[in-house]
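Enquirer: Sequence:
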Amino acid sequence: MVTIKDIAKQAGVTPSTVSRVLNQSGGYSDKTRQKVLQIAAELHYQKNEAASNLVAQTSNVIGVLITNATTSFAAPIIDGIEDWAYQHGIRILLAHCGLNDAARLKACLDLMAGQKVSGILSISVQFDATNLALLKQLGLPLVSLGVKVDGYPTVAIDDEKAAYTGTKYLLNRGYRRIALAAIDPTDPQTGQARCHGYQRALQKTGLAPLIIPGDYSFQAGYQAAKQLWQAALPPEAIFAASDDAAAGIVFYAQSQGLAVPEQLAVLGFDNSYVADLVYPGLTTVEQPFAQMGQLAIEALVMKTPLPDQVAYQIKERHSVGWR
Numbered sequence: 006m007v008t009i010k011d012i013a014k015q016a017g018v019t020p021s022t023v024s025r026v027l028n029q030s031g032g033y034s035d036k037t038r039q040k041v042l043q044i045a046a047e048l049h050y051q052k053n054e055a056a057s058n059l060v061a062q063t064s065n066v067i068g069v070l071i072t073n074a075t076t077s078f079a080a081p082i083i084d085g086i087e088d089w090a091y092q093h094g095i096r097i098l099l100a101h102c103g104l105n106d107a108a109r110l111k112a113c114l115d116l117m118a119g120q121k122v123s124g125i126l127s128i129s130v131q132f133d134a135t136n137l138a139l140l141k142q143l144g145l146p147l148v149s150l151g152v153k154v155d156g157y158p159t160v161a162i163d164d165e166k167a168a169y170t171g172t173k174y175l176l177n178r179g180y181r182r183i184a185l186a187a188i189d190p191t192d193p194q195t196g197q198a199r200c201h202g203y204q205r206a207l208q209k210t211g212l213a214p215l216i217i218p219g220d221y222s223f224q225a226g227y228q229a230a231k232q233l234w235q236a237a238l239p240p241e242a243i244f245a246a247s248d249d250a251a252a253g254i255v256f257y258a259q260s261q262g263l264a265v266p267e268q269l270a271v272l273g274f275d276n277s278y279v280a281d282l283v284y285p286g287l288t289t290v291e292q293p294f295a296q297m298g299q300l301a302i303e304a305l306v307m308k309t310p311l312p313d314q315v316a317y318q319i320k321e322r323h324s325v326g327w328r
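Going from the sequence shown to my numbering is simple: count from 1 and add 5.
Everything labelled a hint here was simulated from the structure, so no lab data went into it.
Idealized CB from N, CA, C, for every residue including glycine.
You may find that some hints are simply not true.
Label-pair restraints from in silico Cβ distances [as the list claims (entries may be wrong)]:
no.	residue 1	residue 2	range
1	Gln120	Asp281	49 to 57 Å
2	Asn73	Gln197	16 to 24 Å
3	Phe256	Lys121	44 to 52 Å
Distance condition first, Cα-Cα at most 27 Å in a straight line; then the derived DSSO-like pairs of lysine-lysine [claimed, not checked]:
no.	residue 1	residue 2
4	Lys308	Lys320
5	Lys308	Lys111
6	Lys166	Lys14
7	Lys308	Lys209
8	Lys308	Lys121
9	Lys141	Lys121
10	Lys40	Lys173
11	Lys153	Lys173
12	Lys173	Lys141
13	Lys121	Lys166
14	Lys111	Lys141
15	Lys153	Lys166
16	Lys14	Lys36
17	Lys166	Lys111
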């Protein structure tokens, strides 16, 4: 299918200029208009009515809510969103709403309403009751990534099954003393789901779980590894709740002269860019973040149906061996 990006490339203009020409919204010369329309005709471009109708209601801007711009998973999701948006002449308004900060989330929603965005994508944002009511009052469509928001579609993997799969992977390689580290067991969605998956895999083999709480960060992984390795019976493998945390675990292990994976196996979660920065490279549970971003914005704009869950897989590198 020919996109606005294809026309823009041949015409030597930006996708937003092509969008303005096709929607007759002004801000371009007559020469540019003629050139864009000629190329569109030559390429047999067909206007996307679903996207056009959404834009016509408000603007060609989509709002994106993020909790933390520094996490390694946010960037590839946003890349996927922006790639799709660029190809379809849609602009992105990015707002950082903090983690469990109701006042800041309200300010972000007010900002997006004031900017008349066409819809909202939220990345791992948990809506409190007041802000969920505000969202519904604003009447803006929303697609959530990573966590469920009541009454709105979600793009996510099955965290419980993914954690179960990761734990089984370690069990199948002969590991028995397996810890789960740097996870928030009070998180009613991601944290609890991954804890349940990990525990379910161990229970089937009669092994006791060992969970070290944390906030998914590098520092949380480092501190978890330190605590675990100072125990009377250290683990053979640590399943980290994120690649950031896994990197912290590897860093601690190497600071103590421990060989990974010979003396300690480390399994990450996400397959973010961090997995390739660590030595040895992280074996990790892969979430297809860029694809998730593209699925979410396409569903928001085009009203395309979403899969119940996005596929995940184990991405093998060198931080897990055999026992």
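Enquirer: A separate judgement is required for each hint: does it hold in the structure or not?
Expert: Tested hints:
Our hint of 49 to 57 Å for Gln120 and Asp281 is violated, since their Cβ atoms are close to 36 Å apart. Separated by about 20 Å at the C-beta atoms, Asn73 and Gln197 satisfy the suggested range of 16 to 24 Å. Range check, Phe256 to Lys121: Cβ separation about 46 Å, and the 44 to 52 Å hint holds. A hinted pair counts as satisfied when its Cα atoms are at most 27 Å apart, and Lys308 with Lys320 does not qualify at roughly 31 Å.
Distance restraint check for Lys308 and Lys111: the Cα-Cα separation of roughly 26 Å lies within the 27 Å cut-off, and the hinted pair is therefore satisfied. Proposed proximity of Lys166 and Lys14 is contradicted: the alpha carbons are some 43 Å apart, above 27 Å. Taking the CA atoms of Lys308 and Lys209, the gap is about 41 Å. The hint is violated against a cut of 27 Å. The suggested pairing of Lys308 with Lys121 holds, with an alpha-carbon distance near 19 Å, which does not exceed 27 Å.
Between Lys141 and Lys121 the CA atoms are separated by roughly 15 Å; this keeps the pair inside 27 Å, and the hint holds. Simply put, Lys40 and Lys173 have alpha-carbon atoms about 58 Å apart, too far for the 27 Å limit, and the pair is violated. For the given pair, Lys153 sits about 26 Å from Lys173 by alpha-carbon distance, which is consistent with the 27 Å threshold. Distance restraint check for Lys173 and Lys141: the Cα-Cα separation of roughly 41 Å exceeds the 27 Å cut-off, and the hinted pair is therefore not satisfied.
Restraint check: the Cα-Cα separation between Lys121 and Lys166 comes to about 38 Å, which exceeds 27 Å; the hinted pair is violated. Between Lys111 and Lys141 the CA atoms are separated by roughly 13 Å; this keeps the pair inside 27 Å, and the hint holds. For the suggested pair Lys153 and Lys166, the alpha carbons sit about 16 Å apart, so the restraint of at most 27 Å is met. Straight-line distance between C-alpha atoms of Lys14 and Lys36 comes to about 16 Å, which keeps the hinted pair within the 27 Å bound.
A threshold of 27 Å between alpha carbons decides the hint, and for Lys166 with Lys111 the separation of about 33 Å lies outside it, so the pair is violated.
Checked against the numbered hints above, the structure breaks hints 1, 4, 6, 7, 10, 12, 13 and 17 and satisfies the rest.
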